[in-house]
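**Student:** What follows is the residue order along each chain.
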Amino acid sequence: MALLDIKGLKTHFTTDDGILQAVDGVDISINRGETLCVVGESGCGKTVTAMSILKLIAMPPGKIVAGEIIFEGRDLVPLSSSELDDIRAKEIGFIFQEPMTSLNPVLTIGEQIAESLRRHEAVTKKQALERTIEMLKLVQIPNAAGRVHHYPHQFSGGMRQRVMIAMALACRPKLVIADEPTTALDVTIQAQILDLLQDMKERFGMAVMLITHAMGVVAETAQRVVVMYAGKVVEEAPVDELFGNPRHPYTQGLIRSIPRIDLDAEHKTRLEAIGGSVPILINPTPGCRFAPRCKHAMSICAEREPRLREIAPGHRIACHLGDAQ
Amino acid sequence: MAGLTLASPSAEPRRGYSPWRETWRRYRRHKPAVVSAVLLLLLILAVVLGPFVWRISISDMDVVAGLQGPSLAHPFGTDDLGQDILARMIYGGRISLAVGLAAMLVSVFVGTLIGALAGMSRGPLGYALMWLTDLFLSLPQLPLLLMLIYLFRDGLKAVFGPEGGIFILIVLVIGGLRWMPVARLVRAQFLSLREKEFVEAARALGASPTRQVVRHILPNALGPVIIAGTIDVAAAIIAESTLSFLGLGFPPDTPTWGRILYDAKDFLDIGPHWALFPGGAIFIAVVAINFIGDGLRDALDARKVI
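Order-wise, the sequence lines are chains A and B.
Position one of the first sequence corresponds to residue 1 (the working numbering), numbered consecutively onward.
Position one of the second sequence corresponds to residue 326 (the working numbering), numbered consecutively onward.
Don't take every hint at face value.
Pairs of lysine-lysine, PhoX-like flavour, derived with a Cα cap of 25 Å [unchecked claim]:
1. A/K90 with A/K7
2. A/K90 with A/K125
3. A/K90 with B/K482
4. B/K521 with A/K63
Calculated directly from the structure, the hints in this document are not laboratory data.
Bear in mind that the values here come from a model prediction, so they are computed numbers and not experimental data.
In isolation and in its complexed conformation, chain A is listed as follows:
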């Protein structure tokens, strides 16, 4: 049985212009100890999907209108906020995108890491401090025993992201959702943070849901990949299959838009981009949402919405193109 099973999740937002269907029928499942990457460009619903799991979206205007989020056999959607508080950080940890602003400037980092320990586990102040220092050592903060009393402004961006990881993992959650954890960092630090996440994952045997728009990160870390577009899953496959045999035109476009150092030098090719941008999801048109930007669009694409279907073991796509082939 999967650790987390999201079925037909729909999260909509009420805006002045109408209902914004940010997430519109998403199915994602994550197995124990697995790394799942969710990719897609900005505004395609990755973050909203992740935040919906722990109901971290602002409600109102946001609302989960349909679907189930089954974590260890228990549906999280009907739970009250205080029931969810027991799951947050304890069972499912969350790592945010912006390490510069996700730490409270007036509390020491030690106080902030200890907060979740004291909230979820019966530990004394002293034990919490010891565990906090231990966590800081695990995320490779030098001089952890001294740094634990420091304030966020005394840390660099990469160090703060390590602190965020320590905060999210302090209670040893079974699942960690990392929402673009490396986007705000420079490239060398990105690699360190990804290595650290991988290391933590192996040490604690937890599952990771990694949200990103960098295909390089996906290739490096994922076992399975879910590609999202305009609030829907368009392709899902094991990582090798996805990069070796991408079937959805959107996925193909994403992969072609990765700069290739080996090809570019010889052939002087131009980097390919996907024309246009993600549609605004208020009253979306019927049919495939990618059709207006799709090179292979057919007449049926504008009429009927493609269903997600399995084309090979573990490889599912939502595209009419496969039908024709």
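Position chain B relative to chain A; hints supplied.
**Tutor:** Coordinates of chain B only, in the frame set by chain A:
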């Protein structure tokens, strides 16, 4: 693990460089504020310790020696009944400063509570509380103050004694009519802070709404509140003086700075020293407190480079 950072661990201070220490460092750069803080501290020390050093009673009368200018026996001179003005100033300063501080606490408490509720509410409660704030702001304050004191003076006097009753009444009335700017400030702060990522992060860690507010949002909103609070102390001292000057504050035999000024007003031509000392004390206290507020504003505003 090694080689990740070049910073030598031994160079790190053992304790964190807390925001409050940083504030103190910045505050020290504001010279008038530092001088004001020292002045205010001296003033407080004088009124607290004064009676133990200057042992003349406030009610010792010597009509023959009435309305004398400053002398060695009476450094601040005497009033028309020959009472020692220094002794009365020391006693009055206790009341005036206590009223200022207590009224500030009332207004900051009420203002923070209402502002926080309004700032956290996403529904009609927030609007209702802001309407209430606007309503209070539009009330004519002085007539209302006078009316409230007339209405409740006798009842409170009966319960808490003449001085205690009036003290509670004046503090509540002054504080209760000055919380609106604090409420607006706190609401504005909360509206912006509640959407901050670190509050979201606290939520993701399972912090309850109360905990999010008390531990994460409120400490971040305190800077402007502290500044507003200092200004409120000065305003409350002036308000108390106004009330006493109108004869509505403490009973006539209880000296406060405002009351002494009121008593002195009929003798301005023959005994100007009588009015000068309490007036000067109010002036120094209010200016000092305002400078302290100024210094705190510079020190707590992180965007300003000092």
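**Student:** Given the proposed pairing of A/K90 with A/K125, does the C-alpha separation stay at or below 25 Å?
**Tutor:** 18 Å, holds
**Student:** Are A/K90 and B/K482 close enough, with their CA atoms no more than 25 Å apart?
**Tutor:** Given pair A/K90, B/K482 is violated - Cα atoms ~57 Å apart, limit 25 Å.
**Student:** For a C-alpha distance cap of 25 Å, please report whether A/K90 and A/K7 respect it.
**Tutor:** Holds: A/K90 and A/K7 sit about 23 Å apart, inside 25 Å.
**Student:** B/K521 and A/K63: Cα distance at most 25 Å?
**Tutor:** 20 Å, holds
When the structure is compared with the earlier hints, a violation turns up for hint 3 alone.
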